[in-house]
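Chains as they are written, first to last, in my numbering: chain A, 1 to 236; chain B, 1001 to 1637; chain C, 2001 to 2255.
Hints in this document: simulated from the structure, not taken from any laboratory. Any given hint could be a false lead.
Part of the chain C face toward chain A, derived, beta carbon under 10 Å [to be verified]:
#1 Lys2006
#2 Arg2009
#3 Tyr2022
#4 Gly2077
#5 Val2223
#6 Asn2237
#7 Gly2241
With a cut-off of at most 27 Å between alpha-carbon atoms, the simulated DSSO-like pairs for lysine-lysine come out as follows [as the list claims (entries may be wrong)]:
#8 B:Lys1477 with B:Lys1033
#9 B:Lys1476 with B:Lys1253
#10 B:Lys1184 with C:Lys2105
#11 B:Lys1507 with B:Lys1299
#12 C:Lys2006 with A:Lys85
#13 C:Lys2011 with B:Lys1495
As the structure is a computational prediction, the values presented were derived from the model and not from experiment. Think of the CB as a built atom: it goes at the ideal place given N, C-alpha and C, for glycine as much as any other residue.
Here are the chains, one letter per residue:
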Amino acid sequence: MSITNVFTSSIGKKYIMALTGMALFLFVVLHLLGNLQVFLGPEVLNRYGAFLQGNVELLWPARIVLLILVGLHIWSAIKLSAENKAARPQPYAQQELAAASYASRTMLMSGLIIAAFIVYHLLHFTVQVTAVNLTGKDFTKLMDAKQQHDVFAMMVTGFKQPVVVGAYVVAMFLLFLHLSHGVGAMFQSLGWKNPAHGPLIARFAEIISWFIFLGYISIPIAILLGYGSSYEGLTK
Amino acid sequence: MKLDSNIPSGPLAQKWDKHKFEMKLVNPANKRKFDVIVVGSGLAGASAAATMAELGYRVKCFCFQDSPRRAHSIAAQGGINAAKNYANDGDSIYRLFYDTIKGGDFRSREANVYRLAQVSVNIIDQCVAQGVPFAREYGGLLTNRSFGGAQVSRTFYARGQTGQQLLLGAYQALCRQIGHGNVKMYPRTEMLELVVVDGQAKGIIARDLVTGEISAHAGDAVVLATGGYGNVFYLSTNAKGCNVTATWRAYKKGAAFANPCYTQIHPTCIPVSGDHQSKLTLMSESLRNDGRVWAPKKKGDTRPANQIPEDERDYLLERKYPSFGNLAPRDISSRAAKEVCDEGRGVGPGGLGVYLDFADAIKRLSLETVKERYGNLFEMYEKITGEDAYQTPMRIYPAVHYTMGGTWVDYNLMSSLPGLFVIGEANFSDHGANRLGASALMQGLADGYFILPYTIGNYFASQKPAKANVSHPEFKKALEDAGALTKRLLSINGKRSVTSFHRELGKLMWEKCGMARSTESLKEALARIPELRSEFWKNVKVTGETGSLNQDLEAAGRVADFLEFAELLCLDALTREESCGGHFRVEHQYPDGEAKRDDEHFAFVSAWEYQGPGKPPVLNKEPLTYEEVHMSTRSYK
Amino acid sequence: MNLTLKVWRQKDAKSPGRMVEYQAANIIPDMSFLEMLDVVNEGLIARGEEPIAFDSDCREGICGTCSLVINGIAHGGQRGTTACQLHMRHFQDGQTITIEPWRAKSFPVLKDLVTDRGAFDRIIQAGGFVSVNTGGTPDANALPVAKVDSDRAMDAAACIGCGACVAACKNASAMLFVSAKVSHLALLPQGKVERNQRVLNMVQQMDAEGFGNCTVTGSCEAVCPKEISLDFIARLNREYGKALLKGATGHKETV
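Pulled out of the complex, with its shape left as it was, chain A reads as follows (with noise of 0.2 Å):
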């Protein structure tokens, strides 16, 4: 036995699993305190989509490594899951499950909805392709004051669309519901849990599912409720 049983045993796809959402966690939370700075005017936000894109050699590493976390966290999912299907053949006729939450038992669903949401945001605001923003209006052109791609406007401009924002909503509901478990599950999984610790870790989970729910809708929200809307890079 070895170090490589993480890919075959039980336990092993629930540290990668566990490990790889950890990570990318860790990622949403950074992702949500730089968007934030959309509240802090366009200047500042257009300053950090500059410096992101001017980053060309870390940039993509870390596309690069999100990318292989996600399709790990995805495999890992769904080969636990072919196995947790396979381990009851015959169902029972009738079934309640006594302590399991709703998100506990739609952790697939919502991370596979997740994951096609991912693909749109990145066609939306990353690739940024016209056909998917509903607007029209080519966000690749969009440029403020300092000739930087202005970010703020292309927001302001997307988040414009009550049919997009609701998607993000959605979206940002069902990564509520997925985090609300997993992230108190990723502890357990890896062991990092005990009684003494156990309740701490449980408000944890909740605390911070319901900030990062909060911090992503709240943008657009704000935008749709008019925030930004004077902003002169839009007449552009």
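The hints should help you fit chains B and C onto chain A, whose structure is shown.
Frame of chain A; chains B and C shown alone:
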């Protein structure tokens, strides 16, 4: 039959050491040539199977449960005695030995009991090394509690689950050997016949309870570790599956059965709630430390307990035994409860129960203290009865709990049939007429870990490892007999269910041969049992088929044996014209109701020898001679 | 009380099964659930039908033999209670009760409500023990054990191996059972010597038996008659990770 107890000569304290040296050994290379069949996987069976496999014997182990971990040893709550003297309160091997002999009312074999006390200390060491989580002090060392029949604290315990933890220890040791391939385990397999070849036990016939397949298994020795026969009373604290079949079939093949009339009744069980009752549940005797036992003075008083005024209550134990009061010994308390119920003063459904009242204790100590001390027991009581014992008094009634009698064995734990060894509750040897609390676990593990593995080697040393062959005519015949019996049970197709027979037998045994026995009642039972048995064979209805899992058929086979065995139990009780330990004959009591033992005429082991169907068994007597202790009267005044 | 039962009937491991409806008449609230089934079975026998096969033995909640999923919940949903200790007073007159066996690939149905839980035995055989032979052990008090550890080990050791955790888990995972034994032995100094290979061997066997994976839903803990805590699964995960990082080999000791 010549009964040779094979007790080694020499001073009591040196007999076992001397014997261990004198016993012949089997060369390690030869051990693997011997096959041992172990039937039963409780404390005795699992520990014996594991230890013999460690020594190098090839072991086959059988149990009727779906896993060896489920044997009924698991239900023992209280603890296990050992003469460790960790409590520094004056305990010693000799004191444990003496307490056990006295507790057994001077009807056990002295040398066996001394050996039991000797190896008791090794058991605790062994169990701790296996990882049994015994209760500990804050300093990290083991703690002890006191238990009935002793004035020292020598009982080791693991919460209220000592039996479970000890069994899991033995089960794990057994699993280790199964994993190594040294033990072949046969779960859900029940022994139906013992096979005797040229006067020696050489194998068994067993039925696979899942497929129904009946097969023969040959070995150089057969070990029965199949527990007690308490279920002959139908209602007992035993598990539903506990049965007498293995030892009874061995008896019919020539292994003498000793002292079947020694049955132990436990006073604090939850009473029967109706005819549907399938088993009885024990509650710790410690409840009697603070609870007061009473019954209404008036016959047929149906008022709720709290509406019966103080002066209309009979605190029966306090009245009859003013010095011991509610803490009178098990048998005495049990009989007192039975008496008031017989008078029609019992409480609860069917009038079979007395109150155990904590109202005074709650007043004296506060509700919190009572909760702290007995909370889990009150919870258990509420689970079963649905009553809150803090508000209304508990109802208790005695129930059959343990059987001291069993297959007769010599000092080497070998029965009167060479090659057949019997260990644990299934044998008769160590508890005499009454077992002390926390001693059953001790005996099971002593036999399995530390005695049988030595003595079986002594037997093998005088034997050639003959791969006993299942094609031998005796195996074929036994196989046919077992198959025929199964077919016969299924073919009767009468009107009454197996359970109805079992229930009727149990009721009869409880009433005529239970807590108090008389010549008259025993004769009634002896007249009725054959009638019931013959009705069984004419009118029982067993459903299903033989070639598959058939619980009705399993039960039928067991009840058929109980119907035969019950007669021997009553006969033994009738023959033993004295009262001792768990055996109380109403003709033999002192004017104050104390048991009257007759050492002059009955200081012997009754070993019954089978003579064939329809013939009365022959009584063989093994005299009990005490070299070290003097017989004295048990007094609790 | 009069009840309608919907019971899983299956002739043997190979035959398909189905839910069959029975009437349970004149049930007394003081009966245990199994005694209620006894009564139904007596009725079936009287009619010449085969009784419903179900496992039970001690009927006092400690042997772990009884194994019924009652109205969709393993052991029927009363906290800390096995089916044999569940009483009919918790049901209502006229109620319909469904009764099914444990359902898991690793616990094949043998007949009606009886399943084969041999997988649990094989997991213990793979390493759920301390490798000591009889005799030659040190004095029981030679090695002090902190009371907190000993008590915690006892919490885990209380497992009765009934399999309700597997039955209740949406993934039919055996993690609670395995974690209880791994934790019991890992918490005690006696079990620490071979803790690494033990956890690797037991988990390997658990996987080979075809149980599902833990998704931390907590259903197992909720139905466990001995209320074994989910925290032991975290401990199992920790033990397994440590053993892998240490490069421990899981192969069995040789004798």
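Tested hints:
no., hint, verdict
1, Lys2006, "7 Å, holds"
2, Arg2009, "12 Å, violated"
3, Tyr2022, "15 Å, violated"
4, Gly2077, "7 Å, holds"
5, Val2223, "5 Å, holds"
6, Asn2237, "4 Å, holds"
7, Gly2241, "6 Å, holds"
8, B:Lys1477 with B:Lys1033, "26 Å, holds"
9, B:Lys1476 with B:Lys1253, "15 Å, holds"
10, B:Lys1184 with C:Lys2105, "24 Å, holds"
11, B:Lys1507 with B:Lys1299, "23 Å, holds"
12, C:Lys2006 with A:Lys85, "25 Å, holds"
13, C:Lys2011 with B:Lys1495, "24 Å, holds"
The earlier numbered hints that this structure contradicts are 2, 3.
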